[in-house]
Amino acid sequence: MTISEDEVKKVRERFESDIISSYQDKDMVVFILKKEALLRFVQFIKEDPDIKMEQVTDITAVDWYQKRDVRFEVVYHFYSYTKNHRIRVKVPVEEQDPKVPSITGLFSGANWFERECWDMYGIVFVNHPDLRRILLYPEFVGHPLRKDYPIDKRQPLVKLIKPEERRERP
Amino acid sequence: MSDLNERVQEITVNMGPSHPAMHGTIRLLITLVGEKVVRCDTQIGYLHRAFEKMSEANKWQAIFPYTDRLNYVSPLMNNVGYAQAVEKLIGIDIPERTKYIRVLLCELSRIADHLTCIAAASMELGAFTVFLYCMEGRDLIWDRIEELTGARVTPAYIRIGGLARDLPEGFLDRTLSILPRIEKVIGDVDALLTENPIFIERMRGTGVISQADAIEIGFTGPCLRSTGIKHDLRKKSPYLVYDRLEFDIPVGSNGDNYDRYMVRMEEMRQSIRIIRQVVRDMPGGKISIDNTMYILPPKEVVYNTIEGVVNHFKLIIDGIQVPAGEVYDATEAANGELGFYLVSDGGGKPVKCRVRSPSFALMQGLEKMVVGGSLADIIPTFGSINMIGGECDR
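Going line by line, the protein sequences match chains A and B. Counting from 1, position 45 in the first sequence corresponds to residue 45 in our numbering; the numbering is continuous, with no gaps. Counting from 1, position 54 in the second sequence corresponds to residue 54 in our numbering; the numbering is continuous, with no gaps.
Just so you know, the hints here were simulated from the structure itself, not pulled from any lab data. Don't take every hint at face value.
Claimed, not checked - Below are the PhoX-like pairs computed for lysine-lysine, each with C-alpha atoms no more than 25 Å apart in a straight line:
{"hint": "1", "chain 1": "A", "residue 1": "K147", "chain 2": "B", "residue 2": "K349"}
{"hint": "2", "chain 1": "B", "residue 1": "K235", "chain 2": "A", "residue 2": "K83"}
{"hint": "3", "chain 1": "A", "residue 1": "K26", "chain 2": "B", "residue 2": "K236"}
{"hint": "4", "chain 1": "A", "residue 1": "K147", "chain 2": "B", "residue 2": "K59"}
{"hint": "5", "chain 1": "B", "residue 1": "K286", "chain 2": "A", "residue 2": "K83"}
{"hint": "6", "chain 1": "A", "residue 1": "K67", "chain 2": "B", "residue 2": "K59"}
{"hint": "7", "chain 1": "B", "residue 1": "K235", "chain 2": "B", "residue 2": "K88"}
{"hint": "8", "chain 1": "B", "residue 1": "K286", "chain 2": "B", "residue 2": "K314"}
{"hint": "9", "chain 1": "A", "residue 1": "K153", "chain 2": "B", "residue 2": "K184"}
{"hint": "10", "chain 1": "A", "residue 1": "K34", "chain 2": "A", "residue 2": "K99"}
{"hint": "11", "chain 1": "B", "residue 1": "K299", "chain 2": "A", "residue 2": "K26"}
{"hint": "12", "chain 1": "B", "residue 1": "K53", "chain 2": "B", "residue 2": "K349"}
{"hint": "13", "chain 1": "A", "residue 1": "K90", "chain 2": "B", "residue 2": "K286"}
{"hint": "14", "chain 1": "A", "residue 1": "K99", "chain 2": "B", "residue 2": "K53"}
{"hint": "15", "chain 1": "A", "residue 1": "K90", "chain 2": "A", "residue 2": "K153"}
{"hint": "16", "chain 1": "A", "residue 1": "K153", "chain 2": "B", "residue 2": "K230"}
{"hint": "17", "chain 1": "A", "residue 1": "K90", "chain 2": "B", "residue 2": "K88"}
{"hint": "18", "chain 1": "A", "residue 1": "K26", "chain 2": "B", "residue 2": "K349"}
{"hint": "19", "chain 1": "A", "residue 1": "K67", "chain 2": "A", "residue 2": "K10"}
{"hint": "20", "chain 1": "B", "residue 1": "K99", "chain 2": "B", "residue 2": "K299"}
{"hint": "21", "chain 1": "A", "residue 1": "K26", "chain 2": "A", "residue 2": "K99"}
{"hint": "22", "chain 1": "B", "residue 1": "K299", "chain 2": "A", "residue 2": "K83"}
{"hint": "23", "chain 1": "B", "residue 1": "K314", "chain 2": "A", "residue 2": "K46"}
{"hint": "24", "chain 1": "A", "residue 1": "K26", "chain 2": "B", "residue 2": "K88"}
{"hint": "25", "chain 1": "A", "residue 1": "K46", "chain 2": "B", "residue 2": "K230"}
{"hint": "26", "chain 1": "A", "residue 1": "K52", "chain 2": "B", "residue 2": "K235"}
{"hint": "27", "chain 1": "A", "residue 1": "K90", "chain 2": "B", "residue 2": "K230"}
{"hint": "28", "chain 1": "A", "residue 1": "K83", "chain 2": "A", "residue 2": "K67"}
{"hint": "29", "chain 1": "B", "residue 1": "K235", "chain 2": "A", "residue 2": "K26"}
{"hint": "30", "chain 1": "B", "residue 1": "K235", "chain 2": "A", "residue 2": "K147"}
{"hint": "31", "chain 1": "B", "residue 1": "K299", "chain 2": "A", "residue 2": "K46"}
{"hint": "32", "chain 1": "B", "residue 1": "K59", "chain 2": "A", "residue 2": "K46"}
{"hint": "33", "chain 1": "A", "residue 1": "K52", "chain 2": "B", "residue 2": "K59"}
{"hint": "34", "chain 1": "B", "residue 1": "K36", "chain 2": "A", "residue 2": "K83"}
{"hint": "35", "chain 1": "A", "residue 1": "K67", "chain 2": "B", "residue 2": "K286"}
{"hint": "36", "chain 1": "B", "residue 1": "K236", "chain 2": "A", "residue 2": "K52"}
{"hint": "37", "chain 1": "B", "residue 1": "K236", "chain 2": "A", "residue 2": "K67"}
{"hint": "38", "chain 1": "A", "residue 1": "K153", "chain 2": "B", "residue 2": "K349"}
{"hint": "39", "chain 1": "B", "residue 1": "K59", "chain 2": "A", "residue 2": "K26"}
{"hint": "40", "chain 1": "B", "residue 1": "K88", "chain 2": "B", "residue 2": "K286"}
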């Protein structure tokens, strides 16, 4: 279920300066990465014949509001069908500059997960082909899964849109 | 005479969110050239009820009713998935009997879910009889679930470290007695649809997805298996007692609607096989762990001792204290991989309770499956994906 020691060592050596830390968690191996290295890292785990990640199972973020110095953490889960193993990759993201490179170029399945992450946490995925809100509507104000978004907050009413204007909307 | 090409222009058709075939509220903005679909913008979110935000505001043990409402056709599977993730995070090993009961309920739910999928998909193609037959089969299952949990669709029956209550007297016999009737329903549906030329015409070769696309987009469950990949988490990373049970994983070969239908039909038969084994092997014993840090103390203790009262009170007011850490745990739900990613800071409420729902990833692939086909093919394709709004939008 988890990648072997040798593979972890191989990744560690290759991305020595980019990996902030890596450890074996309860369920799988976790790599905490600098965001500049994300694309290179994802490409490596996709193409390396021993690791061979084929699917991005999930992308989400965790908000450590007032608990950690770096507020957000984008969390990726990868799965390999041929090898039957998973890894978790975490990328810390500053509140002032909530941007990470989009991995849609490498895994087209990341598209909606990244859109949801933008919708809920306001994290911008640079070079995403279609970064719209996905679960909420375009007029929604704020990003509701941030910890400083009150759970009982009300949203302004959306102005009535005439049918002829509606067609122009994305 | 005017040029024919000039007359062919793109038109946009809006399908849903309240369209009879778009069950589960979804909107498709379809661009057509004649009958041919050239673009399909899938817009989800009409059933978004802020599952994650509500979970972060509630205690660990109070999230079960919310998980019921994810996939409301097979709610017990969501219960099991969530309970298992929390148990993994704490490090609890549940009793044998509990494992068997959970497998039994999962497989009953799987049959109910597949019956619903086939019912809805075939009804939209005009086979109303099939719909009624399938509903009869599903009701037989829901009657048993009602008897056990007190509710048909929102049971909230699983607990962290155990179950709400033990099986009632004679439950296993009554479960066994409905199996031949469900088999008859499956047989009838099989006779009505599998070799029906109209059905084959609509299902075969429509909504095709290739193996490589299916993997990359994030397909799991019957939709992935219909492309020929023999992948099932019950076999690949066995949980509960699946490694002790005998069952086969049906796979398709073309990745079209017909294969998805066939995979679901066979999976129901395999589930019945599993249920028979589970009933045969069901051990006696406890249904919950003894550690009252995680499970409510017995009522006799609560009513008669001060320690019991304090214990009960602390669990309700402070919540279960889950050690700090994070875990991703996936189970094979009816539609595919249902994953829970939980983050705890050691308190009574989760910092993060993320659901990786199978329908969300499947809907992402809808565009690939319908583009190039005709407008009418969207109906069987959407039906055979079995999108459940509650799970997709959370």
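> Among all the numbered hints in the text so far, which are the ones the structure does not match?
Replying inline: 5, 9, 11, 13, 15, 16, 19, 21, 22, 23, 27, 28, 30, 31, 32, 33, 34, 35 and 37
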